[in-house]
Amino acid sequence: MTGYILKRLLSAIPVLFGITIIVFLIMALIPGDPATAILGSFATPENVEKLNRDLGLDKSLVQQYFIWLGNMLTGDFGTSFALNRPVIDEVLERFNATLVLAGTAFVLCSLFGVAAGVISAANQYGWADKGITFVVLLGISIPSFFLGMMMILFFAVNLRWFPVSGMWPIYGDRDFGALISHLTLPAIALAVVATGVIARLARSAMLEVLRQDFIRTARAKGVDERGVIWRHALKAAMVSIIPVLGIQAGFVLSGAVYIEIVFQWPGVGRMLVDAILKRDILLVQGGVVFVAACYVLFNIAVDVAQSLLDPRIKT
Amino acid sequence: MMAFLTLLARNRLAMAGGIVLSLVILLVLLTPILPLADPDVTDTGNRFKPPFSEGALLGTDHLGRDLLSRLLWGTQLSLAVGFSAAIIAATLGAAIGIIAGFYGGRTDNIIMRGVDMLMAFPYILLALAIVAALGPGLFNALIAVAAVNVPFFARNIRGITVGIAHKEFVDAARLAGMSNARIILTEVLPNVIPVIIIAMSTTIGWMILETAGLSFLGLGSQPPQADLGSMLGEARSALITNPHTSIVPGVMILIIVMSINLLGDGVRDALDPRLKSGALSRPMAATMVKREAPAPTSEGKGLLEAQELQTQFHVKDRVYRAAGGVSLHVEKGECLGIIGESGSGKSVTALSVMGLVASPPGVITGGAVRYEGKDLIGVPYKQLRDMRGRNVAYIFQDPLATLHPLYRVGDQLIEAIRSHRPIGKEEGRAKAIELLEAVRIPNAAKRITDYPHEMSGGMRQRVGIAMALANDPDVIIADEPTTALDVTVQAQILALLDDLRKSRGLAIVFITHDFGVVAQLCDRVAVMYAGRIVEEGQTADILDNPRHPYTARLMACVPELGEGKRRLEAIPGLPPVVDKLPAGCAFADRCDKVQDACRQGDIPLERNGARAVRCLFPETPLKEAAE
Amino acid sequence: MSDALTLDNLSKTFPVGKSLFGAATASVKAVHPITLSVRKNETLGIVGESGCGKSTLARMLVGLLPPSTGSIQIEGAALNNADPADFGKRIQYVFQDPISSLNPRKTIRQIMEAPLKQLHGMVKPERDKRIAEIFASVNLREEFLERYPHEFSGGQAQRIGIARALAAKARILILDEPVSALDVSVQAQVLNLLADLKKEFDLTYLFISHDLAVVEAVSDRIAVLYFGSVVELGPAEVVFANPRHPYTKLLADSAPVVGRPLTAPEAKGTELPNPLDPPPGCAFAARCPHATDQCRTQIPVLEDTESGTQVACFYPLADT
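Line by line, the protein sequences give chains A, B and C.
Our numbering applies: residue 6 is where the first sequence begins, and numbers increase by one.
Our numbering applies: residue 1368 is where the second sequence begins, and numbers increase by one.
Our numbering applies: residue 64 is where the third sequence begins, and numbers increase by one.
Next comes chain A alone, as it looks inside the complex (with noise of 0.2 Å):
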């Protein structure tokens, strides 16, 4: 198991590489001239060119990408403009948000989706698929951010049962429980769709699987009902369901951009919003390349699950 994980790490670092090298290359097609937009357009010619050379920008695309690359092995990123701060120390603080809030969400809309598929599956036809089967065509049609800006009118300041916006309280104690009043809703909001198509998934998976001759064993050999769907069936499903739990992974973060911003939210994805509005390139390969690194190793993990619930992948 140790082998396969190192293995797996191994196989990690040409896609690193290769996502450095797209984010590099999306970033050298910006048209214009980075000293311009930073000193902007009255800057006089002398000090665009000092500028250009301070960043480096005077030597050739090649030299430009292996120097960038160095300086963020070594943890240096650069500096954002804009905040005048090193792009990774707002990187790591933003992000530290970004994984409550979608690794919140990301549990719930696995529980949620896995259970609700297969009790659909289990209800073939019956009321629960139906009723399951409609709310979940509704999660996965609503835009997240217009379910949010909903959620906020009625939750927040309707009933007023949570707060409208933010992480922490303005005023007041920094404690769990104001964490998880704030939390509640922009998670909800994040979880909905993942967890609708997770629920298909895993409702259609399910029904793949019930029709195994495996399953005809079990029943032959008189295992009862509840085993057969979540002992067997569910068991042999999870190997369908578990790569799209790590695909879906990558849709939570992404719907925490548009979730960050309804709720203000101080996640990584609102900064890179930020940072694109106001041409902050630095900030915006940084934050890319940093959160893209650790969704790879994500999805590591997702294959070494995979690995531990199926024998047959070798290791």
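If you're looking for bench data, these hints aren't it; they were derived computationally from the structure.
Just so it is clear, the structure is predicted and the values come from calculations on it, not from any experiment.
Don't take every hint at face value.
Here are the simulated DSBU-like pairs of lysine-lysine, each with C-alpha atoms no more than 30 Å apart in a straight line [said to hold, decoys possible]:
{"no.": "1", "chain 1": "B", "residue 1": "K1534", "chain 2": "C", "residue 2": "K232"}
{"no.": "2", "chain 1": "B", "residue 1": "K1668", "chain 2": "B", "residue 2": "K1741"}
{"no.": "3", "chain 1": "A", "residue 1": "K319", "chain 2": "B", "residue 2": "K1534"}
{"no.": "4", "chain 1": "B", "residue 1": "K1534", "chain 2": "C", "residue 2": "K169"}
{"no.": "5", "chain 1": "C", "residue 1": "K180", "chain 2": "B", "residue 2": "K1932"}
{"no.": "6", "chain 1": "A", "residue 1": "K135", "chain 2": "B", "residue 2": "K1683"}
{"no.": "7", "chain 1": "B", "residue 1": "K1749", "chain 2": "B", "residue 2": "K1668"}
{"no.": "8", "chain 1": "C", "residue 1": "K187", "chain 2": "C", "residue 2": "K312"}
{"no.": "9", "chain 1": "C", "residue 1": "K312", "chain 2": "B", "residue 2": "K1947"}
{"no.": "10", "chain 1": "C", "residue 1": "K180", "chain 2": "B", "residue 2": "K1534"}
{"no.": "11", "chain 1": "B", "residue 1": "K1683", "chain 2": "B", "residue 2": "K1947"}
{"no.": "12", "chain 1": "A", "residue 1": "K240", "chain 2": "B", "residue 2": "K1749"}
{"no.": "13", "chain 1": "A", "residue 1": "K12", "chain 2": "B", "residue 2": "K1813"}
{"no.": "14", "chain 1": "C", "residue 1": "K187", "chain 2": "B", "residue 2": "K1534"}
{"no.": "15", "chain 1": "C", "residue 1": "K312", "chain 2": "B", "residue 2": "K1683"}
Simulated coverage check for chain B against chain C, where a stretch passes if three residues somewhere in it have a Cβ under 8 Å from a Cβ of chain C [to be verified]:
{"no.": "16", "segment": "1785-1791"}
{"no.": "17", "segment": "1885-1896"}
From the three backbone atoms N, C-alpha and C, an ideal C-beta is built for every residue, glycine too.
Position chains B and C relative to chain A; hints supplied.
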């Protein structure tokens, strides 16, 4: 195509989605000629007018612009962008996927590495990076959304293409002299297109959401032009004071995406061939029972007895009479063979005994199954479950498919026991080893931790037999247990079953299509054709002296080892399909002794002692031979 | 009689496993070097159990797989490294699964036309005439031409597969388990049809099957394949009636025969050797009741015996 449309039309939800979507599209197409206010003209004096106000049906926004007009123009824009993104992503992705999947090898490797790389990003990061590079704008958002979806299509289509490229008809096309380009266009593409359409119809909604999302963030359409996403984005600051400006575009997105999803699901269901036969429904815990007549009274024959058992498959408006009134019995310690071709109803009969016929579509519609005289058809599920494996156990055909792939064989054996009585960990382990030893698996203590895929076919089938033995049943029903095995392995499995029967006094019902196997193992044999028994009797008796023309001709047409090169006595024609059975004898059309009487009315199974035959003109008359 | 097909040292090795950088970490010999010839108008049966390499051999013979070593000659002309289309005119293939060998989205006419158009460049009226002739030969009605594959039963689909192979005008057909997917009552129809076609079109068959009785009933000569090698080769009436190789005897004894009592013919394991780690000597040694040290260290080659068969065994069984 017509079949596709009728299937789609039959799906009420999809129809509803289609109608709503058509209405929206119609409205959007009519927008330029509708008497609407200019969507971009601001009128700050009339800002935030509520819905249903004079001159503004849906009210106005923060700049006093008519919301209805903006909604329709915005919908037009959102739909156009969403559909274009979907078409671009599907075309590019499909092309990449087909090339990678068809050529395989290095081409595949390089392309898929690139795709993996792109999929290593949470998609919005890539989209944000692209928009950051190209600058905010609706067209750039379109490019970003299409680009991030290309890898999804490519991976999906590649998987399908790999499956098709390894199909035998592609080999055949190659042998017919076709070039690769021609094979891709005429053999692969027609088989991939339905998948592309499915993938597209189920993702368009999502792409509309994504473009709306980018606009919502202010990275898509730029003011004053608005799509639905940017309308929502602009309305957000007035969410609490004037929620209608948010609700109007939000609900529109919901309506569009939901109708597209409904329609997309309908398209998928109509195009997916597995769903055509209704195959994707989940089999229930026990076969459905709808007995039209009361159970026949017990005749007290044998340990396990089927009386006039009828099992049907109800698929849409067709009724397949898979078992059309089968009477059989097996005594303690006896081996009964059921022989027949595929579709003869032999497996369905056997599976009906413990309610294991997949249902839907299977329904037991008549007769009785008696175990020690007690009818089992329609008993509560709990009672049936309790008997499964304990009184009557099964061995199935393909041992790789019939064992759970993710549990160790030892655990699967212990579970069989635990389903009927509590058993401790140590005792369970000891019992599992004992069972594996009973079926002569060498190194049993070591093999209990094996997974099924780690064993050979013969060993797996031994595990299957051990599982059937786990609760010391009285009857084992073996459904073609050696058909998937090699001959040398088959010989061993048969010998094992024979020994177990003798040493444990088991009754075995052995289902097969092979006369050689029946001859070696079974005491009595029943021959089935088109869902009914056509002949029954002692094995040696039937083999030496078949009465029914079908039995006789079936035996004659199967080559047997040691007879040398020869011309076979083929039976012309095909077995009938059991949803359109002819009146009278089902074999009549293929029989060379057929007479008019054979096609008129039901032909009874005539009995004389152990011997029975369902034929008006048997090879040798029943009475004569008994004398 | 001249040879229709000659295999000289033909073998196939597959790379398996993948290291981090995509290079193969091991290799599996699916077919060990085989030297064999098939005479004109002969039916050579190839029999073996799963994993013996019979399908790999068949795919090499029609050019769908490039051989690792050796060469193939058809009617005296070498055919190595040629493209499948060139093979197609001389040698054709009938697939095991009749349904999946027909493209579900093409009509039977489109399927039948492909070889006529691509291999022989026939124009439409010529093609129609030829298809009509072939369909008459395989007893299929011409109205079937406008239908799609899913409308046919296995037996009919296999006739269509045979018709397609005939359309290429090849004189050698590789029949890869052509009847094992069919019901027993339909098997005989197809086997008889194959026999008729052989006479009518002067064909040479390579008939691959796991069913000993079927192979015996259709073949002139039989080659027994075990673990990628031919272990016994001889006239059909002799090979199973009088087996010289212990494996052939095991096969013959295992086949269920009416009237023969049920005994497990072999006490030792039934496992094939591990293809990743093949034994140094005879592949059958571990299962063979007569194996000696010589068997476990040296590989026997095919040699003539007095009964007219060739056998690859150091201690062939006595003539019975």
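Against the structure, the hints come out as follows:
1. B/K1534 / C/K232: Between B/K1534 and C/K232 the Cα gap is close to 23 Å, so the pair holds against 30 Å.
2. B/K1668 / B/K1741: 11 Å, holds
3. A/K319 / B/K1534: 26 Å, holds
4. B/K1534 / C/K169: 14 Å, holds
5. C/K180 / B/K1932: 37 Å, violated
6. A/K135 / B/K1683: This hinted pair holds, its Cα atoms lying about 21 Å apart.
7. B/K1749 / B/K1668: 25 Å, holds
8. C/K187 / C/K312: 53 Å, violated
9. C/K312 / B/K1947: At roughly 46 Å apart (the allowed maximum being 30 Å), B/K1947 and C/K312 break the hint.
10. C/K180 / B/K1534: 22 Å, holds
11. B/K1683 / B/K1947: 15 Å, holds
12. A/K240 / B/K1749: 24 Å, holds
13. A/K12 / B/K1813: Holds: A/K12 and B/K1813 sit about 29 Å apart, inside 30 Å.
14. C/K187 / B/K1534: 28 Å, holds
15. C/K312 / B/K1683: This hinted pair is violated, its Cα atoms lying about 52 Å apart.
16. 1785-1791: Since three or more residues must qualify, the claim that chain C covers the segment 1785-1791 of chain B is violated, with 0 doing so at under 8 Å.
17. 1885-1896: That given contact holds, which follows from 3 residues of the segment 1885-1896 of chain B lying within Cβ reach (below 8 Å) of chain C.
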